[in-house]
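K.L.:
Single-letter residue listing:
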Amino acid sequence: MQFDDKVPIYLQIKRVIYQEMVTGQLKAGEQLPAVRQLALNLTVNVNTVQRALSEMITEGVLTSKRGKGNFVTEDQQRIGALKTQLVRAQLSSFYQALRALNLSDEEIITSVQHYVQRRGSQDDGHVND
Amino acid sequence: MTAMLTIKNLKYSRNQRKILHDVQLTLDSGKIVGLLGENGAGKTTLMRLITGNAKGNGTITINGVHTPVQRKAHVSFTDHLNGFSTGQKINQIKHFYELVYPDFDGQRYQELATFLGLDGQQKLAALSKGTREKLIIALTLSRQVDLYLLDEPFSGIDSMSRKKIINSIIKWLPETATLVVSDHYVAEIAPILDEIVVIKDQTVLVHRATDDIRDATNMDIETYYEHLYEGGTDHD
Chain A
1 MQFDDKVPIY LQIKRVIYQE MVTGQLKAGE QLPAVRQLAL NLTVNVNTVQ RALSEMITEG
61 VLTSKRGKGN FVTEDQQRIG ALKTQLVRAQ LSSFYQALRA LNLSDEEIIT SVQHYVQRRG
121 SQDDGHVND
Chain B
1 MTAMLTIKNL KYSRNQRKIL HDVQLTLDSG KIVGLLGENG AGKTTLMRLI TGNAKGNGTI
61 TINGVHTPVQ RKAHVSFTDH LNGFSTGQKI NQIKHFYELV YPDFDGQRYQ ELATFLGLDG
121 QQKLAALSKG TREKLIIALT LSRQVDLYLL DEPFSGIDSM SRKKIINSII KWLPETATLV
181 VSDHYVAEIA PILDEIVVIK DQTVLVHRAT DDIRDATNMD IETYYEHLYE GGTDHD
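Protein sequence lines correspond, in order, to chains A and B. At position 103 of the first sequence (counting the first as 1) the number is 103 in full-length UniProt numbering, and the numbers step up by one without a gap. At position 143 of the second sequence (counting the first as 1) the number is 143 in full-length UniProt numbering, and the numbers step up by one without a gap.
Just chain A, same shape as in the assembly:
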């Protein structure tokens, strides 16, 4: 996995795991690989993985079972809230970028609609952009 070396690695590890939880690659209640295995999979430092997981345990999206390892929360609502949070973060930076181009709220909505419609028709064929 390629990391952006300008961004703290533990934050990027958290994002990878969030993504897998929200998309269902990691299911509610599922056990995560051992810390060292995760470090190998991601080619990062074991301590950095540990830091990311510790924060996610504090946040309540992971639970740690003594002697057994780390598990995705079984609380579906918590995962739902995580998804909302991730979507909101994306929308927020997207919204700010368009506002910075002096688009009004209405113009933003209209251009998003246009974009999605065009995108939708292109998706039938092959999109490459």
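Since the hints were derived computationally from the structure, they do not count as laboratory data. C-beta: ideal position from N, C-alpha, C; glycine also. One thing to keep in mind: the hints can contain errors.
[Claimed, not checked] Here are some chain B residues pointing at chain A (derived, C-beta under 8 Å):
1. 32
2. 167
3. 187
4. 193
5. 194
6. 205
7. 211
[Said to hold, decoys possible] Pairs of lysine-lysine residues, derived as DSSO-like cross-links and limited to a Cα-Cα distance of at most 30 Å, are as follows:
8. B:163 to B:129
9. B:171 to B:123
10. B:123 to B:31
11. B:72 to B:200
12. B:129 to B:200
13. A:6 to B:200
14. A:14 to B:163
15. B:72 to B:129
16. B:55 to B:72
17. A:6 to B:163
18. B:55 to B:18
19. A:6 to B:31
20. A:14 to B:171
21. B:31 to A:14
22. A:6 to B:171
23. B:11 to B:31
24. B:18 to B:8
25. B:171 to A:27
26. B:163 to B:11
27. B:164 to A:14
28. B:164 to B:72
29. B:200 to B:18
30. B:31 to B:55
31. A:68 to B:171
32. A:65 to B:31
33. B:55 to B:171
34. A:68 to B:31
35. A:68 to B:164
36. A:68 to A:6
37. B:89 to B:163
38. B:55 to B:11
39. B:171 to A:65
40. B:31 to B:8
Given the structure of chain A, go ahead and fit chain B onto it with the hints provided.
P.N.:
Positioned in the frame of chain A, the structure of chain B alone reads:
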């Protein structure tokens, strides 16, 4: 967090030339530390001072012990296989390590050698740069010590070998041990480093956590490192 390596007021000169001076450094256990600096900055010298292969002025303490003889039992460093003749086979070198170091773990060596694809029958002279570095990694990590030193294991080797070596470090470095790995090009190992130590102007210029650098400066580690050279005059 406990200090595993403490260096105080370390000074080293060779042929009346100052190589290192006023070196103060404390490393905690369980860390992977990048030792950075230009060619000739004194990275290898610092490693030889830590192991006791070179003698300087000042104190070096590894897990509470000071004397070079005691320190050697706590630190694993393979000085570029310099002492071995080129006709020796990998297995002979491994056998030598088993004889000399009571903490050498033959089982661990076999695992590492298999993972890295080392052929025990090959002679030292026949090894490519990458394979030679892999052998050094296998030998170094097979000892059970508190501190491991690797001197530029990635210089001049292909990316597949590099990846193998990085993975073997992640896989086999004991949790409580500290690894110091030197390099003059940090980008290739930045994701696995907890901290960097930069040697410049014959001393330790910077000792900082990598995620702290990313967080505080928004720079990647390579750029941050290069900035230390461009802005060099600021530090005088």
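K.L.:
For every hint, state whether the structure bears it out.
P.N.:
How the hints compare with the structure:
Taking 8 Å as the C-beta contact cut-off toward chain A, the hint placing residue 32 (chain B) at the interface holds, the least distance being around 6 Å. Because the smallest distance between the Cβ of residue 167 (chain B) and any Cβ of chain A comes to about 6 Å, under 8 Å, the interface hint for this residue holds. With a least beta-carbon distance of about 7 Å to chain A, the hint placing residue 187 (chain B) at the interface is held under the 8 Å criterion. Hint on residue 193 (chain B) holds. Least Cβ distance to chain A is approximately 7 Å, under the 8 Å limit.
Checking residue 194 (chain B) against chain A: minimum C-beta separation of about 6 Å stays under 8 Å; hint holds. The beta carbon of residue 205 (chain B) comes no nearer than 20 Å to any beta carbon in chain A, farther than 8 Å, and the hint placing it at the interface is violated. The restraint placing residue 211 (chain B) at the interface with chain A holds, with a minimum CB-CB distance near 4 Å, inside the 8 Å limit. Annotation: proposed proximity of residue 163 (chain B) to residue 129 (chain B) holds, straight-line Cα distance about 14 Å (limit 30 Å).
Using a Cα cut-off of 30 Å, the hinted pair residue 171 (chain B) and residue 123 (chain B) holds, with the two alpha carbons roughly 27 Å apart. A threshold of 30 Å between alpha carbons decides the hint, and for residue 123 (chain B) with residue 31 (chain B) the separation of about 34 Å lies outside it, so the pair is violated. With a C-alpha separation of about 26 Å, the suggested pair residue 72 (chain B) and residue 200 (chain B) falls inside the 30 Å cut-off, and the hint holds. Taken as a hint, the residue 129 (chain B) and residue 200 (chain B) pair is honoured in the structure, with Cα atoms around 27 Å apart against an allowance of 30 Å.
For a cut-off of 30 Å, the pair hint linking residue 6 (chain A) to residue 200 (chain B) stands: about 23 Å separates their Cα positions. Between residue 14 (chain A) and residue 163 (chain B) the alpha-carbon distance is near 23 Å, which keeps this suggested pair within the 30 Å criterion. For the given pair, residue 72 (chain B) sits about 27 Å from residue 129 (chain B) by alpha-carbon distance, which is consistent with the 30 Å threshold. Only pairs whose Cα atoms come within 30 Å are accepted, and residue 55 (chain B) paired with residue 72 (chain B) is accepted, the gap being roughly 13 Å.
Note on residue 6 (chain A) and residue 163 (chain B): the hinted pairing holds, with a Cα-Cα distance of about 21 Å set against a maximum of 30 Å. Annotation: proposed proximity of residue 55 (chain B) to residue 18 (chain B) holds, straight-line Cα distance about 13 Å (limit 30 Å). Between residue 6 (chain A) and residue 31 (chain B) the CA atoms are separated by roughly 20 Å; this keeps the pair inside 30 Å, and the hint holds. Pair hint residue 14 (chain A) plus residue 171 (chain B) holds up; C-alpha atoms about 21 Å apart against a cutoff of 30 Å.
Proximity of residue 31 (chain B) to residue 14 (chain A) is assessed by CA-CA distance (about 20 Å); at most 30 Å being required, the pair is judged to hold. Among the hinted pairs, residue 6 (chain A) with residue 171 (chain B) is consistent with the structure: their alpha-carbon atoms are about 25 Å apart, no more than 30 Å. At roughly 25 Å between alpha-carbon atoms, residue 11 (chain B) and residue 31 (chain B) fall within 30 Å of each other, so this suggested pair holds. Restraint check for residue 18 (chain B) and residue 8 (chain B): satisfied, since their Cα atoms lie roughly 17 Å apart, inside the 30 Å limit.
Taking the CA atoms of residue 171 (chain B) and residue 27 (chain A), the gap is about 26 Å. The hint holds against a cut of 30 Å. For the proposed pair residue 163 (chain B) and residue 11 (chain B), the alpha carbon gap of about 36 Å is over 30 Å, so the pair is violated. Between residue 164 (chain B) and residue 14 (chain A) the CA atoms are separated by roughly 25 Å; this keeps the pair inside 30 Å, and the hint holds. For the suggested pair residue 164 (chain B) and residue 72 (chain B), the alpha carbons sit about 27 Å apart, so the restraint of at most 30 Å is met.
In summary, the hint linking residue 200 (chain B) to residue 18 (chain B) is supported, as the alpha carbons are separated by about 13 Å, within the 30 Å threshold. Between residue 31 (chain B) and residue 55 (chain B), the direct Cα distance comes to roughly 26 Å. Compliance with the 30 Å bound is thereby established for this hinted pair. The hinted pair formed by residue 68 (chain A) and residue 171 (chain B) meets the criterion: a straight-line CA distance of about 20 Å does not exceed 30 Å. Pair hint residue 65 (chain A) plus residue 31 (chain B) holds up; C-alpha atoms about 25 Å apart against a cutoff of 30 Å.
The hinted pair formed by residue 55 (chain B) and residue 171 (chain B) fails the criterion: a straight-line CA distance of about 33 Å is larger than 30 Å. Distance restraint check for residue 68 (chain A) and residue 31 (chain B): the Cα-Cα separation of roughly 24 Å lies within the 30 Å cut-off, and the hinted pair is therefore satisfied. Between residue 68 (chain A) and residue 164 (chain B) the CA atoms are separated by roughly 29 Å; this keeps the pair inside 30 Å, and the hint holds. A hinted pair counts as satisfied when its Cα atoms are at most 30 Å apart, and residue 68 (chain A) with residue 6 (chain A) does not qualify at roughly 34 Å.
Taking the CA atoms of residue 89 (chain B) and residue 163 (chain B), the gap is near 25 Å; set against the 30 Å cutoff, the hint holds. Of the supplied pair hints, the one linking residue 55 (chain B) and residue 11 (chain B) holds, its CA atoms being roughly 9 Å apart against a limit of 30 Å. Under the criterion of a C-alpha separation no larger than 30 Å, the hint pairing residue 171 (chain B) with residue 65 (chain A) is consistent with the structure, at around 23 Å. At most 30 Å may separate the alpha-carbon atoms for a hinted pair to count; residue 31 (chain B) and residue 8 (chain B) meet this at roughly 20 Å.
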